[in-house]
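Student: Read off the chains here:
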Amino acid sequence: MSHLETSINYVWLLMAGFMVFFMQAGFALVETGFTRAKNALHTMMMNLVVYAVGVLGFYTVGFAFMFGGVGGFASLNGGTMLNGLVEVAKGWGIIGTKGFFLTTGGTYTTAVYAMFMFQVVFMDAAATIPTGAMAERWRFKPFIIFGFFMSMFLYPLYGNWIWGGGWLASLGKTLHFGHGAIDFAGSGVVHAVGGLTALAGALVLGPRLGKFNKDGTPNAIPGHHLPMAILGTFILAFGWFGFNSGSTLAGTDLRIAVVAVNTMISSIAGAFGAMIVMWWKFGKPDGSMTANGLLAGLVAITAPCAFVESWAALIIGAVAGVLVVASVLFVERVLKVDDPVGAVSVHGACGLWGLLALGIFADGTYGIGFNGVGATAAKGVTGILFGDPGQLIAQLISMAVVIVWAFGVSYVFFKVLDKIVPMRVAPEVELQGLDMPEIGALAYPEFSLTGSGDVDVSNGH
Amino acid sequence: MSHLETSINYVWLLMAGFMVFFMQAGFALVETGFTRAKNALHTMMMNLVVYAVGVLGFYTVGFAFMFGGVGGFASLNGGTMLNGLVEVAKGWGIIGTKGFFLTTGGTYTTAVYAMFMFQVVFMDAAATIPTGAMAERWRFKPFIIFGFFMSMFLYPLYGNWIWGGGWLASLGKTLHFGHGAIDFAGSGVVHAVGGLTALAGALVLGPRLGKFNKDGTPNAIPGHHLPMAILGTFILAFGWFGFNSGSTLAGTDLRIAVVAVNTMISSIAGAFGAMIVMWWKFGKPDGSMTANGLLAGLVAITAPCAFVESWAALIIGAVAGVLVVASVLFVERVLKVDDPVGAVSVHGACGLWGLLALGIFADGTYGIGFNGVGATAAKGVTGILFGDPGQLIAQLISMAVVIVWAFGVSYVFFKVLDKIVPMRVAPEVELQGLDMPEIGALAYPEFSLTGSGDVDVSNGH
Amino acid sequence: MSHLETSINYVWLLMAGFMVFFMQAGFALVETGFTRAKNALHTMMMNLVVYAVGVLGFYTVGFAFMFGGVGGFASLNGGTMLNGLVEVAKGWGIIGTKGFFLTTGGTYTTAVYAMFMFQVVFMDAAATIPTGAMAERWRFKPFIIFGFFMSMFLYPLYGNWIWGGGWLASLGKTLHFGHGAIDFAGSGVVHAVGGLTALAGALVLGPRLGKFNKDGTPNAIPGHHLPMAILGTFILAFGWFGFNSGSTLAGTDLRIAVVAVNTMISSIAGAFGAMIVMWWKFGKPDGSMTANGLLAGLVAITAPCAFVESWAALIIGAVAGVLVVASVLFVERVLKVDDPVGAVSVHGACGLWGLLALGIFADGTYGIGFNGVGATAAKGVTGILFGDPGQLIAQLISMAVVIVWAFGVSYVFFKVLDKIVPMRVAPEVELQGLDMPEIGALAYPEFSLTGSGDVDVSNGH
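Residue numbers (my numbering), protein chains in the order written: chain A, 2 to 462; chain B, 2 to 462; chain C, 2 to 462.
Chain A extracted, bound-state conformation (with noise of 0.2 Å):
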């Protein structure tokens, strides 16, 4: 690779990892405006501190357990790092063992630079979800200890799995199902994870006070900020850009061009899908659920964004956007759980919608030799409607390992911390709102509020 095509893929690298780390005020607004002014400092707060002990975590630990397996580093030096993941599968792996700080002792240490930048945003964001759905009620000790759980732990591990050429992206190799489980930007590695860590940790908190009547029909509790939440879509949806074309790592790979429109396309119809269907049940098109709907598009297309065309990516944002609305009514109203800005359903349901949806749609066109299957094939990433049954089993079971790990292993983890450290604020910080008990300031103290945040407990739990 000469010198200008890696310095192409280094400033499209970049550019694109600034774009995603710019994603964490698009988190920050979404969950802050669909809560409570009370909570807003303390929501805010979180999304900014998970930013910091993300970025500690992943640089100490994470990215060495991710990215540090035998040869994945040796790829990460050599000259071609930039779009080398391709050939990182190297069969049962489960674990990287190189790369902590980032000291390699190679001669290429830009490269593990570049690659750092770009994949510790990524982590963030997977580890800012569960401040959603665990907002207005977390406690702010608990929730640092659980930033570093995530970091340097929970995330890298199954994105070792995925991306740093552990035992799911090997499967192709090892077992013949297709590719291997294929990801490309992260509906699994990042949202999936951060969807159902979310729900452990929804589960594990409980329900805000007065968010369910004794018999258990649900209040709802409407966001202090709709403006602040929609500005934060958008802010998601600049910065998904960067999340779905950057992941190419290359510049010089002209397919970015594709996976940008597939990802506008996919999120456009996410947002008609949610918006027809509420306006269609309810009366009124809802802007929360319009900006729900649009996120599902982009967390939904960001697996197959790069092996779909672009018909393929307006049906999966429409399927998207109508299952981010049945899935929120499902764990409000069937589970039980109250998530206040949706975060499971968002990121959770529609990022395993992701995965599924390359097992069907992937045409082949692209993807020759990723996880070094097929390197002299003519076919790339194939879905099951193009012909390879494999790649989707790849795929299913790529779904089904993410449930377990990361529901079943956050759901321990919050279980015991919640024994050692307790997770939630006392009830009358809660009817008090966080900001001043955990933060030690009000969001907004010159504003008059009309007390409409406030819940009436007493028909509740």
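Please note that the accuracy of each hint is not assured.
Chain copies aren't distinguished; within one or between two, either way the pair holds.
As the list claims (entries may be wrong) - The calculated lysine-lysine pairs, modelled on DSBU-like cross-linking and capped at a C-alpha distance of 35 Å, are:
#, residue 1, residue 2
1, K337, K416
2, K142, K99
3, K337, K420
4, K337, K285
5, K282, K420
6, K142, K285
7, K174, K99
8, K420, K285
Derived by calculation from the structure, the hints in this document are not laboratory data. Bear in mind the structure is a predicted one, so any value in this text is a computation, not a measurement.
Position chains B and C relative to chain A; hints supplied.
Tutor: Below, chains B and C without anything else, positioned relative to chain A:
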């Protein structure tokens, strides 16, 4: 063109396109900040949904109408696509016919996707401009219908005539008027189209309740959140660097640096122009008008940004800053049209000024071969100040056409639409605010409002 | 240098410059969020107008003073411009004299435009820093005059000495102090200049009414919108990646990856440092100080970001996070200076620390040939920890000079200005809020305020 050169151009074009997409957030904030709290969710939501509607309309139909002319896709599909638009002028064409749903059958489909990615966000800028002028009283359903009309028909046709090789672009070849009509980044194609459509829409909708007294004198209705509007202005100014510099379609065209600086210089001249006029006439610098002056400078430089030196950018922007103030007063006091955010003046009036300014100040140092003119000549696009009256004539024709097309056709469209799907909300909905009746939620359910956004209708109509 | 290499560098430099421009929005939000509702439009407006004023001043005069030295424009005009600044050190120069209005007469004018685009946004970052420390009491007219003074004179001269080949940059050549004074991306040139000017301005203006009691003890005046301030912090952190990484002036310099990661690591270390200190000292993590800690880490790493490894970035940031807390307490309790947003501490104190840190931690792996030193030597810029005390001496000299220059000269300027155009609003304007009297509108005409932003002046002065 080498693969590396192509890669640089893709990276540039996509990054610039992402920035232009982000302008949707800027439009949303400016429009919402300049209007009232009781309509804030409705205004945000229009800006969100116009993106979904516009992308769908442009993807299915509009892009093909605009760029799918004979030669158009040949050029797109050829290796020279990314700065190949210079060669597409082909006579008296008025509409493209290839590329519906991005299907081209060609071999260079990534180029088509890249081009779509950049062009669709331009279309959506035009489509979102009328939502500002028509805010606080427009029903959501006719707004959606308008979004399809704009993205599928109104925008693409004029766009085809200027950027798709149509008859206005060909005036240089056919009638020897300079290089034919030139609009580098869309003062006309995007902003004048948006602003003139906004004027037609605001006329058909009529003024907000309480805006004008019975004697025709206007009342000020202050925006509810000026920091939001100024944040939106910053976001627009940020995205505009992508808008203008990206319009080389090539990162290898080093003129990008000149375009960026001219964009900046004109914007600050516009801010100064408006601020000084307001300070001098009304005694205060006026935050809203200074922000609109900055935007006016951006709109005006958008057509000529590549063809002039920085001193000319300073003049063009300063004139735009004065013009926008004059136009706002003219629209409100003479035309008696209610444009809550000044969209008609910022985008319409200053968009026309931008087209004209190119015909005056273009200095001939850039644009050799544009629209198939003078590929062997020594001179690029040249305004009358530098000796080519023909270019000015081409610009004047393109201005006349955009007035007739964007204002005239959209006026008829809105009139007809109003008969079929009434455009305006009921008076009681308007007094209450559109958020709950039209969208089903409040923007700010917890903040106490003073009632100063209520209007006195006893003296109004 | 090949055309492709030049193209990559332009793309990188311009994109980075656009990101730095966007930091203006970040400054606006941080400063406005940390101050009171009654002054929100005034604070936003200062941040908007300082951009217009600064660009005009730098375009007409400042850029020439800073970069128009003998050799400066030769280097800019030559093909090696985009990383050619390494060659411009030329002795005891103190001011440039070419390039007013960007007119150069040279043949490579796009390079001059590209360089201007990147440098002007750095200048505006420095110019906007004092608006935070001087918020809520500064009249608009003297503020505008200051903007011209800063952009035309104060910033460009010190800038010339460090980045324009002036006498501080030449200390390596002339006196054999390391590579001469080095400041990779502006801890000193931008942040210390801004922060020290802010200190002088806040001293001359005096504290806000009610800030200090008669006995000299301070009162807390909480910011009115902390989510806005934290959003601003995210935007600043996003733009900072362009600020630091872009300062290679070349996308083909793969050190950009190291710079980006160091920037991130230092920022999160700063956030941790400040948060832990606050938690330990005052019992709560404190949202405002955590955000300021993150910014402090960014400021401190800005000078050394290209010359150190990630472990050093962690230390530099953590020290900055502790330092910013100490400095805020020192400024308020010992100096009795009222700095509403902490600008003096974040930018002034941590900017100086950044200059010093470079002299300590630079490891010699980068910067061979910088400032014309050691082009044939094996070592790059090297701090005392790695064996070069000369570099530390150069840094200490540059720190002494920036204190004398930025604090001293601006103090005299503000004192003189105050005689001619009184700097401070009348007490009744300050109590009412500056929005209506100074700008002619209210930031939030519809939101009810609690009056908690009013101060008790019975015990004040």
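Student: Hints first: check each against the structure and report whether it holds.
Tutor: The hints, checked one at a time:
1. K337 / K416: Only inside one copy: K337 and K416 sit 18 Å apart there, 49 Å across copies, limit 35 Å.
2. K142 / K99: within (30 Å within a copy, 57 Å between copies)
3. K337 / K420: Close inside one copy (23 Å), not across copies (47 Å); limit 35 Å.
4. K337 / K285: both (24 Å within a copy, 33 Å between copies)
5. K282 / K420: between (42 Å within a copy, 27 Å between copies)
6. K142 / K285: Classified as between: cross-chain Cα gap 11 Å, same-chain 40 Å, threshold 35 Å.
7. K174 / K99: Within one copy only: 23 Å inside, 42 Å across.
8. K420 / K285: between (44 Å within a copy, 22 Å between copies)
In this structure, every one of the numbered hints holds.
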